[in-house]
Amino acid sequence: MATYLVGSRASNLAKAQVREYLRPLRERLPGVTFTHRVILEGGDKDRKSALSAVSAVSGGSAFSSEQEAALARGDVDVVVHSLKDLPTSNPQGLTLLAPPGREDVRDALCGSTLAGLRKGARVGTGAPRRVAQLLAVRPDLDVVPIRGNVPPRLKKIETMGLDAVVLAVAGLRRLGLDDAIGEVLPLDLFPPSPGQGALGIQVRTDDDSAPLRALLSAVGDAAADAAVRAERALLAELHGGCSVPVGAYGETLPNGELSLAGQVTSLDGRVRVAGTVTGPSAEPEKLGASLATLLIDQGAHAILDEVRAALGSR
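Here the sequence shown is numbered in the UniProt record's numbering, starting from 1 and rising by one per residue.
To be clear, the hints were calculated from the coordinates, so they are not data collected in a lab.
Keep in mind the model is a prediction, meaning the values are calculated, not measured.
Certain hints may be false.
[Said to hold, decoys possible] Taking lysine-lysine pairs in the DSS-like style, the calculated list, with each CA pair at most 27 Å apart, reads:
{"no.": "1", "residue 1": "K119", "residue 2": "K156"}
{"no.": "2", "residue 1": "K15", "residue 2": "K156"}
{"no.": "3", "residue 1": "K155", "residue 2": "K119"}
{"no.": "4", "residue 1": "K15", "residue 2": "K155"}
Starting from the given sequences, assemble the full structure and let the hints guide the process.
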């Protein structure tokens with residue numbers, strides 16, 4: 001009987017994502033054993049420093065580098081990531097499989113609604129994209145940087161005297177915290193991080209891993225895969241990462257084509273460029289590159305250069 005080790009971060013959300021991913025596999029493959037192993041990341045050890053600083057120390061990503069290293073060494077056979085946390089390029093010898101569908105991609109405001117926030121309300125989020133998008137819609141807000149797992153961030157409404165916090169709908173739902181949602185934010189004003197709501201299923205590319213790749217590929221969703229590949233291609237073309245204010249959302253249209261919307265926003269919310277392109281779902285990377293060109297022509301690089309300079313000086 002085959003046994004495979006499945007790695008993830010140590011948070012309750014990461015564990016919930018592993019359970020979500022393994023449930024259909026265990027039903028489909030009763031003769032295969034999947035054992036979960038947690039791996040501590042730099043972003044889990046250091047919850048105070050800026051994510052850009054943690055990523056630099058971690059060797060690439062605050063939330064994936066240790067897991068990727070463990071996978072490359074053979075300590076685990078597959079890693080279940082939050083796809084939005086993964087860099088757009090795979091380390092040599094590793095690859096991503098199609099995700100098994102996708103949760104709600106949107107952000108949620110917890111503790112209030114946008115219209116219900118008083119002038120100068122204190123809203124917590126540690127993500128530059130969410131900071132930029134909030135200020136674009138409500139420049140009067142006082143955005144307070146917060147870090148940590150989902151439940152502790154929710155508690156900061158009380159412990160830090162915040163009026164609201166912004167979190168991913170997918171994480172809240174996976175943890176059974178739907179009741180905490182005050183308002184699901186609209187996609188046209190708050191497009192998500194590329195890959196948000198999807199699981200990043202990472203495996204090795206060596207011949208010995210071929211049987212596992214074949215097993216796991218059976219639960220992949222082609223539509224979700226095309227969407228996230230287009231989103232991540234856009235981010236790669238913009239030379240972005242987890243710490244820049246780039247939002248993107250791909251979806252398959254009724255006619256089978258893929259639509260990709262993207263947005264780049266300055267940290268103060270004052271400058272925003274956006275666009276939408278449509279093309280064959282079989283060529284998601286080309287679609288991402290096409291939208292990147294459109295946004296660059298509108299000044300996306302200048303916005304992102306200023307963002308990187310500002311984040312690097314913190």
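For each hint, the structure was consulted:
no., hint, result
1, K119 with K156, "holds, 20 Å"
2, K15 with K156, "holds, 22 Å"
3, K155 with K119, "holds, 22 Å"
4, K15 with K155, "holds, 20 Å"
Checked against the numbered hints given earlier, the structure satisfies every one of them.
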